[in-house]
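> Full structure from sequences and hints, please.
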Amino acid sequence: MTSVVNAKGIPLPYTGASTHWFSATGAGPELRGTSGNDSFWGNTSVNVTMY
Numbered sequence: 055m056t057s058v059v060n061a062k063g064i065p066l067p068y069t070g071a072s073t074h075w076f077s078a079t080g081a082g083p084e085l086r087g088t089s090g091n092d093s094f095w096g097n098t099s100v101n102v103t104m105y
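Heads up, the sequence shown is in this note's numbering, so the first residue is 55 and it goes up one at a time.
Calculated from the structure, these hints are not laboratory results.
Glycine included, C-beta positions come from ideal geometry on N, C-alpha and C.
It is possible that part of the hints are untrue.
[Stated by the list, open to error] Across the chosen pairs, the derived CB separations fall in these ranges:
id : residue 1 : residue 2 : range
1  : Ser99     : Met55     : 30 to 36 Å
2  : Gly80     : Met55     : 31 to 37 Å
3  : Val59     : Thr79     : 17 to 23 Å
4  : Thr69     : Asn101    : 24 to 30 Å
5  : Met55     : Thr98     : 26 to 32 Å
6  : Met55     : Asn101    : 28 to 34 Å
7  : Arg86     : Asn60     : 17 to 23 Å
8  : Ser99     : Thr69     : 30 to 36 Å
9  : Pro67     : Tyr105    : 15 to 21 Å
10 : Ser99     : Gly70     : 27 to 33 Å
This is how it looks when you write it as structure tokens:
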């Protein structure tokens, strides 16, 4: 299984290419993804809880 390493150094497994893309910048305090393969990005000013 393929994986990527997150900002905390924890490997996150994934099974395929992203099907949805989300920007955490300006998203507010909560960010909800989909049941598919999602990609999230932001910057150092972002403080969100992802579900």
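> Is the distance from the Cβ of Met55 to the Cβ of Thr98 consistent with 26 to 32 Å?
This hint holds: roughly 30 Å between Cβ atoms.
> Do Ser99 and Thr69 keep their Cβ atoms within the hinted range of 30 to 36 Å?
Distance hint for Ser99, Thr69 holds at roughly 31 Å.
> Honestly, do Arg86 and Asn60 meet the 17 to 23 Å range at C-beta?
About 18 Å separates the Cβ atoms of Arg86 and Asn60, which means 17 to 23 Å holds.
> Okay, Ser99 versus Gly70 on CB: inside 27 to 33 Å?
holds, 30 Å
> Do the Cβ positions of Thr69 and Asn101 conform to the proposed distance bound of 24 to 30 Å?
This hint holds: roughly 29 Å between Cβ atoms.
> Go ahead and decide if the range 17 to 23 Å is satisfied by the Cβ distance of Val59 to Thr79.
Given range 17 to 23 Å: holds, Cβ gap about 21 Å.
> Starting from the range 31 to 37 Å, see whether the pair Gly80 and Met55 falls in it by beta-carbon distance.
Holds, at about 33 Å.
> Mind checking the hinted window 30 to 36 Å against the Cβ distance between Ser99 and Met55?
holds, 33 Å
> Given the range 15 to 21 Å, decide if the beta-carbon distance of Pro67 to Tyr105 lies inside it.
holds, 19 Å
> Return holds or violated for the Cβ distance of Met55 and Asn101 against the range 28 to 34 Å.
holds, 30 Å
Every hint from the earlier list agrees with this structure, and none is contradicted.
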